[in-house]
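J.: Below, each chain spelled out in residue letters.
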Amino acid sequence: MSTLNNQTEQVKEISGVNPLKCMKCGKCSASCPSFNEMDIKPHQFVSYVQNEDIEALVNSKSLWKCLSCFACVERCPRDVKPGKLIDAARQIVIRQKGQDYLSPNEIPELLDPEIPQQLLVSAFRRYRR
Amino acid sequence: MQRIGVFVCHCGTNIAATVDVAKVAEMALNEQGVVHAEDYQYMCSEAGQAKIQAAIKEKNLTGIVVCSCSPRMHETTFREAAERAGLNPYMVEIANIREHCSWIHKDVEEATKKAVILMRAAVAKVNLNAPLKPGESRVTKRALVIGGGIAGIQTALDIADAGYKVDIVEKTPSIGGRMSQLDKTFPTLDCSACILTPKMVEVNKHENVTIYTYSEVEKVSGFVGDFTVDIRKKARSVDMDKCTGCGVCQEKCPSKKTLSEFNRGLNTRSAIYTPFAQAIPNVPVIDRDSCMKFQTGKCGVCSKVCQAGAIDYEQQDEIITEKYGAIVVATGFDMIKLDNYDEYAYSQSPDVITSLELERVMNAAGPTKGHLERLSDGKAPKEMVFIQCVGSRCSDDRGKSYCSKICCMYTAKHAMLIRDKYPDVNVTVFYIDVRTPGKNFDEFYRRAVEDYGVNYIKGQVGKVIPQPDGKLLVRGVDLIDNKQILKEADMVVLAAAIEPNPDVRKIATMLTASIDTNNFLTEAHAKLRPVESPTAGIFLSGVCQGPKDIPETVSQAGAAAVKAIGLLAKDKLMTNPCTAHSDELMCNGCSQCANVCPYGAISYEVKEINDHGVRETRRVAVVNNALCQGCGACTVTCPSGAMDLQGFSNRQILAEVDAICR
Amino acid sequence: MSIEANEEFKPKIVAFCCNWCSYAGADLAGSSRLAYPADVKIIRVPCSCRVNPMFILRAFEKGADGVILCGCHPGDCHYSTGNFYARRRMTMLFSMLDYMGVENGRTRVEWVSAAEGVKFSTTMNEFVQKIHSLGKNVRLGDLRCRN
Amino acid sequence: MKYSYYPGCTLKNKAKDLDAYARASARALGFELEEIENWQCCGGVYPLGSDEIATKLSSVRVLNEAKEKGQSLITLCSACHHVIKRVNDDMKNVEDIRTRANNYMQLEEPYAGETEVLHFLEVLRDVVGFDKLREKVTNPLTGKKIGAYYGCLLLRPGKILEFDNPENPKILEDFIRAIGAEPVIYPYRNECCGGYISLKEGEIAKDMCGNIVDSAEGFGAQMLITACPLCMYNLKKSTDEALPVIYFTELLAEALGVKGEVDNA
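Chains as they are written, first to last, in our numbering: chain A, 1 to 129; chain B, 1 to 662; chain C, 1 to 147; chain D, 1 to 265.
No lab work stands behind these hints, which were simulated from the structure alone.
You may find that some hints are simply not true.
Unchecked claim - Partner residues aside, some chain A positions facing chain B, computed with beta carbon under 7 Å:
{"#": "1", "residue": "Gln10"}
{"#": "2", "residue": "Lys12"}
{"#": "3", "residue": "Gly16"}
{"#": "4", "residue": "Cys25"}
{"#": "5", "residue": "Gly26"}
{"#": "6", "residue": "Ser29"}
{"#": "7", "residue": "Asp39"}
{"#": "8", "residue": "Tyr48"}
{"#": "9", "residue": "Pro77"}
{"#": "10", "residue": "Arg78"}
Backbone N, C-alpha and C define an ideal beta-carbon position, used for all residues, glycine too.
The task is simple: from the sequences and hints, build the whole structure.
T.: Now the structure itself:
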C-alpha cells in the first residue's frame with residue numbers, strides 16, 4: 001500500500017497537478033483528439049490518481065496515445081491539466097530501466113526518408129528515458 | 001481607576017472546544033482594573049446578558065470586556081445590555097476570540113494563550129475608555145433606487161407604497177431591465193412582458209415615484225439619513241413633455257444601422273429610438289453617436305415629421321441634485337463577453353448564440369419575430385445543442401468562479417419551449433450538473449426530460465466546429481457512456497455566465513460600499529443582513545449582490561425596501577460618537593487635518609486660548625461631529641498631536657500594542 | 001543554555017486591520033476555518049489611515065517581530081481615500097525602518113476586502129513564514145534601550 | 001536590427017528551405033538573424049515534469065547566450081519555439097527550476113528569463129508590422145486561397161506562449177493578407193496533426209490530418225502553410241499530398257521577390 005501511495009505522490013509531484021480541483025466536467029475528454037485510442041480517458045486519469053490506482057495508469061495504453069497537444073490543458077476550466085498527469089505517469093514508466101516504449105532497434109523499420117529530425121527527437125524524449 | 005468586568009463566552013463549543021475559557025477568565029483577574037471575571041455558555045443569550053447586567057450593578061463596574069465572537073456580530077448587543085444596566089455603551093470592548101482565535105486554531109494551549117492576549121489587549125484598551133455620547137442627525141424622507149430593472153421597480157414600489165418618496169435612476173432610455181428582454185419565465189412559463197409591464201406602468205404612475213431614465217448617478221456625498229446625490233440626466237434631444245410617443249420619428253429616421261442593444265445586437269434600430277414597444281417612458285432618445293444630424297449636421301428628418309415639435313437638438317445634459325435618506329443599489333447584471341471562449345465558435349458563427357440572444361429570437365418582438373431560425377440563413381433548425389456552464393464555475397482566469405445559478409433553469413425552459421412549439425426539433429443539453437433548488441424547479445427540469453424528450457448528456461463540450469455546409473459539429477463527451485460524441489447541430493446555444501453590471505464598481509466607489517473580487521456588492525452579514533451593505537444607509541437589491549432568479553430578486557427587492565423604510569421611518573439617527581477631537585492647547589492651526597478630511601468636517605476658529613496662564617488669540621481646528629465619520633486620517637497627519645480619535649485614541653491603541661507585545 | 005537555544009521561535013506579530021474590509025476579511029477567514037498561525041494578533045482600527053507610524057514603532061520597540069497593516073483595496077476605502085494616505089505613509093515609514101535595521105520583510109501593507117477570507121489567511125501564513133525566515137527581531141536593541 | 005537566431009536541428013537538415021527562405025526574407029525586410037554559436041538541440045518536446053532540469057539546460061544555454069549579447073531570440077520551428085519559450089517562462093517564474101538550473105549552469109550572472117523569445121511571425125507582426133510588410137511585397141500572391149495551419153505548439157498553453165488567441169488565432173491569416181493572398185479560415189487549423197505519434201501509430205495521425213485537410217479544402221483552401229516541419233511531414237504523408245503544404249517562409253520569400261536567390265543558391 002505504501003508503494004502505491006508513494007506512486008500517487010510521485011505523480012502529483014511530477015505533474016504539479018492537484019486532482020482535487022477537478023469538477024468532473026469532462027471538457028478534457030471532449031477536447032482530446034486521441035480519445036478513441038485511449039483505454040483510460042483523460043477525465044478518468046484524475047479519478048485514478050484520486051483513487052491511488054497508479055498501477056492501472058502505468059499499464060494503460062493511453063500513456064502512448066497522448067499527443068501532448070495541450071488541448072485539455074488549454075480548456076480545463078479548473079486548471080487541473082490532465083495532460084500533465086498523463087505525462088507524469090509516462091515518466092514513472094520510462095524512468096524505470098528497460099521500460100521504454102521505443103527501442104533503438106525498432107527505429108530503422110519505422111524510418112522513411114522524409115522523417116524530420118524533430119520527430120525522432122520528440123519521440124525519443126516522450127517514449128524513452 | 002476603572003472597575004472592569006471580563007465576560008468570557010463559550011459560544012457552546014465554538015469557543016470552548018479550543019479555548020480554555022475558565023483559564024481566560026482566571027487570567028483576567030490579574031489584569032489592571034479587573035474586579036470581576038466569569039465565563040458562561042452563551043453570553044449573548046438573555047441569561048448571559050443578565051449576568052453582565054447583574055455584575056455591572058453589583059460590582060459597580062465602570063467598564064466591561066466581552067471575550068466572544070466578532071464585534072461585527074454582537075458589539076451592539078452587548079453595548080445595549082450594558083446601557084440597560086446603566087453603563088455607558090462605549091465602555092464596552094470586545095475581544096474577538098472566536099473568528100480570530102478558536103475557529104482558526106486547533107491546539108488548545110496555543111489558542112488559550114492567544115485568547116488571553118486578546119483579552120489583555122481589550123482590558124488595556126477599556127482602562128482608557130471614556131464615556132461617549134452619540135449625537136443626532138436628521139433623516140431625509142426620500143429614497144434613491146439605482147437601476148430600473150425588476151429589482152429596482154419592486155423596491156421602489158414597496159417604499160412608495162409605505163408612503164415615502166422614491167426616485168429611480170436608470171441608465172438606459174427605459175425601465176424594465178433584463179426581465180424586459182426575456183420571452184418567458186420559469187418555472188411557470190409566464191410571458192415575461194405580461195407580468196413585468198403592469199409593474200412598469202404601476203411604478204410610472206405612482207404619485208410617490210419619480211423616474212429618471214437615460215440618467216446616471218454622478219456624485220454622492222453625505223452619510224446615512226442625509227446623502228446628497230448628483231444625477232446626470234443625459235440630453236434626450238426629445239422634450240419629454242411635448243412628445244406623444246407616436247413613433248413616427250423612429251419610422252422616418254433614415255439612419256437605421258445601429259445594432260439594437262435591446263435585441264443584443266441581432267438586428268438594428270434607428271438613431272432616434274425607444275428600446276422596445278412597451279418602453280416607459282414612451283419617449284424616444286436620439287443616440288447622438290449614430291444620428292446624422294449630430295454627426296454631419298445634415299438631416300433633421302425627425303424634427304420635420306414630429307407633429308408635437310418635441311425634437312430638441314439643442315438639449316443639454318442636466319444635473320439634478322437631490323437629498324436622500326437611503327440608497328438602494330439595483331444595478332443588475334449582464335452576460336460575460338465570450339472572447340475567452342472561442343472554442344465554442346461564438347465569434348465565428350452567427351448560429352452560435354447566447355441564451356439571452358435566444359430569448360430575443362424566441363420573442364415575438366425580436367429580430368426573427370419569434371420564429372426559431374438560424375441567424376446565418378434563416379433556415380429552421382432541426383438539431384439544437386445547448387452548452388451549460390460557459391464561463392461559470394471556472395478556477396482559471398478565463399471565467400467566473402461562481403455558479404451563475406439561473407442557467408440550468410432557463411435552459412430547461414428553452415428546451416421545453418422549443419420542443420413544445422417545434423416538436424420535430426431535437427434538443428440536446430450538455431451539462432456538468434443540473435442544479436435546480438427552488439420550488440417546483442426540479443419537477444420543471446424533469447418535465448423537460450420526461451414529457452418533452454429533451455436529451456440531457458452529462459459531459460462538457462470541447463469544441464464547436466463550423467462545417468463548410470454551414471452546420472456545426474459539436475464535439476462533446478458523454479461521461480456516463482464514457483464516449484466522445486460528435487453531433488451535427490444547426491444551432492448552438494451557450495449558457496454564458498452572468499456578471500454584475502460593470503458600472504457597479506464605479507457606483508460602489510461613490511457610495512463607499514464594499515464590493516468583492518467578482519464585482520458583487522458585499523452584504524453586511526452573509527446570513528443575517530443579506531440586503532444591507534456594511535455602509536449604513538446603503539441597501540442591496542437583486543443580482544448586484546449575487547446571482548439570483550426573478551422570484552428571489554423580487555423577494556430581496558422587497559426586503560431591501562423594508563430595510564430602507566425602517567430607516568426612513570425614523571426622524572433622527574444616533575451618530576457615531578467615535579469622532580475626531582482636537583486639543584486646542586496643542587493645535588497650531590496648520591490646516592493639515594482639514595486637507596486630509598474627506599468630509600470637510602474640520603474648520604478653523606480664531607479663539608482666545610488660556611495656555612497655562614498665558615492668554616493668546618489662536619487659530620485652532622474645530623471638528624463638526626455631525627460631519628465627522630471617524631476615519632482618523634487627521635489624527636495621523638496632525639504634526640502637533642492635537643488631533644485624536646475618540647474611542648480609538650492614540651493611548652488606547654498604544655495600550656493594545658503594548659498588551660500584545662508584552 | 002542549550003534548551004533555550006532549541007526553543008521554538010514564536011514570533012510576535014501585530015496586524016492592524018481596518019474595520020470595514022480587512023477586519024471583516026479576517027472574520028470571514030475565521031468563519032471559513034482558514035487557519036493561520038496564532039502568532040498573529042489583530043488590532044481593529046476604523047481605517048488603515050488611523051494607523052499612526054508611532055504605533056508601529058511602538059510595536060517594534062516592545063519586541064514585535066513583524067507588523068502588518070491591512071486595509072480596503074485602493075478605491076474601495078469606506079472613507080474614500082484613507083487607504084491612499086496609509087499607503088503613502090507606510091512607504092515612507094518602512095524605508096525608514098529598513099534604514100534603522102527593521103528589514104523590509106518585517107513590515108507589510110496588504111489590501112484585503114471583506115470577501116477575501118482566503119486572501120487574509122494566505123497573507124498571514126506567508127507573512128508569518130517570512131518572519132520565521134528572518135528570525136527574531138534583534139536589531140532594534142538601540143531603540144529598545146534594554147529597559 | 002540584429003537578433004539572435006535559433007534554427008534547431010530540423011532546419012539544418014530536412015527543413016533547410018524553411019530556414020533559407022526565412023534568412024533571405026529577413027535580409028529583404030532589413031533585419032539580421034545572427035545564429036547562436038554551438039547551439040544544441042532543444043529536445044523537440046517540452047519536458048512537462050516539474051522535476052525535469054537537465055532536459056531544459058540546452059534551452060537555457062541558448063537563452064543566456066542571447067541575453068549576453070543583449071538581443072532578442074528568434075525561433076522558427078514551432079517545436080523549438082514552444083520548448084524555448086516555456087523553458088524561459090520557467091526560468092522567469094518558477095523559483096525551484098531557476099535555482100536548480102542556475103546551479104548546474106554556473107554562469108557568471110544567473111539567468112532569470114531576461115531574454116525575449118520571439119517567433120519569426122511575431123517579428124513580422126510586432127516589429128516589422130504587417131502593414132509595412134505589405135508595402136515591401138513586390139510579388140503579391142493575388143488570388144491564392146491559403147489555409148493557415150497552426151497546430152498545437154505555437155498556440156498552447158496560451159497563457160505561456162502568448163502567441164495569439166489559442167482558439168481563434170489570426171496571425172497567419174493576417175500574414176496571408178499581407179502577402180496579397182486570401183486566407184481561408186477553417187476550424188481545424190489549431191487541431192493536432194498527430195505529432196510524434198506518427199512514428200509508431202501512423203493510422204491515428206492519418207485520421208487527424210484527414211480531418212484537417214478535409215476541413216481546409218471544404219472551406220476552399222488551395223494550399224496550406226505551416227511553420228512546423230513535423231506538421232508538414234504528417235500532413236503530407238497522411239493525406240498523400242491531397243493539398244500542397246508549404247512553409248510560410250517560402251511564400252514570404254516569394255512575395256518579397258527573393259525566392260529565386262534561395263532556389264538558385
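J.: Would you mind marking each hint as holding or not holding in the structure?
T.: Tested hints:
no. : hint  : verdict
1   : Gln10 : violated, 24 Å
2   : Lys12 : violated, 17 Å
3   : Gly16 : violated, 15 Å
4   : Cys25 : holds, 4 Å
5   : Gly26 : holds, 4 Å
6   : Ser29 : holds, 4 Å
7   : Asp39 : violated, 10 Å
8   : Tyr48 : violated, 13 Å
9   : Pro77 : holds, 4 Å
10  : Arg78 : holds, 5 Å
Hint check: violations occur at hints 1, 2, 3, 7, 8; the rest are consistent with the structure.
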